[in-house]
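S.K.: Sequence:
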Amino acid sequence: MAEEKPQPVQVLYCGVCGLPPEYCEFGPEFVKCKPWLIQNVPDLYPDLLKEGDGKEADKVANQLQATSISNAGAGSSAPQPEEVKRLPGGKIKKKDKQEIVIEKTTRQKRKCITTIKGLELFGIKLSDASKKFGKKFATGASVVKGPTEKEQIDVQGDIAYDIVDFITETWPNVPESAVFFIEDGKKVPAA
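Okay, so the sequence shown: first residue is 2 according to this note's numbering, each after it adds one.
Treat the hints with care, as some may be off.
[Stated by the list, open to error] Below, simulated DSS-like cross-link-like pairs (lysine-lysine); rule was C-alpha separation at most 25 Å, straight line:
#  : residue 1 : residue 2
1  : Lys118    : Lys151
2  : Lys98     : Lys126
3  : Lys126    : Lys136
4  : Lys112    : Lys133
5  : Lys112    : Lys188
6  : Lys146    : Lys132
7  : Lys126    : Lys105
8  : Lys146    : Lys98
9  : Lys118    : Lys187
10 : Lys118    : Lys136
11 : Lys146    : Lys133
Just so you know, the hints here were simulated from the structure itself, not pulled from any lab data. Small disclaimer: the values here were computed from a predicted structure and weren't measured.
Just need the whole structure built from these sequences, with the hints factored in.
M.R.: Structure, rendered in structure tokens:
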């Protein structure tokens, strides 16, 4: 007797959201998935066929394709929505705000550490920035990992208010409106 090896299951995925069709209704773009579902798996959602006949589904599908083609051909003349990165399960990955947060912490009686977070969001290399901070303020400055596993710069001394002018002068692509202080647990604009 010849035993057959089990074959892998072929899973059909939605062409719009990338989820299996059974889970499209729970996904973030079910309205956009409906025409694809009507065309490719009509037996899975019979209530969608009752909502509109096949001609209507073809019409909606053609409209979706036309809008995607017109958006691609429009170039920079029309504002396009930003491409959103999706994590597994359809969750949306949030984009970090471009802001620099400066926080002063007291270590012992009169020793202070100024922490600068967010410089890397402006394309600034943290190692180069820490060297510049150390030379300008004649203190120790180092790149360390913070509690959220993101790298930040720790500078010895209370230089929180002087450092804003230095950052905006040294790196002109950093606006002063993007620099914030953390005072008494609240985020306060530096400007």
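S.K.: Would you pick out the hints that fail for this structure and give their numbers low to high?
M.R.: Of the numbered hints given earlier, the structure breaks none, since each of them holds.
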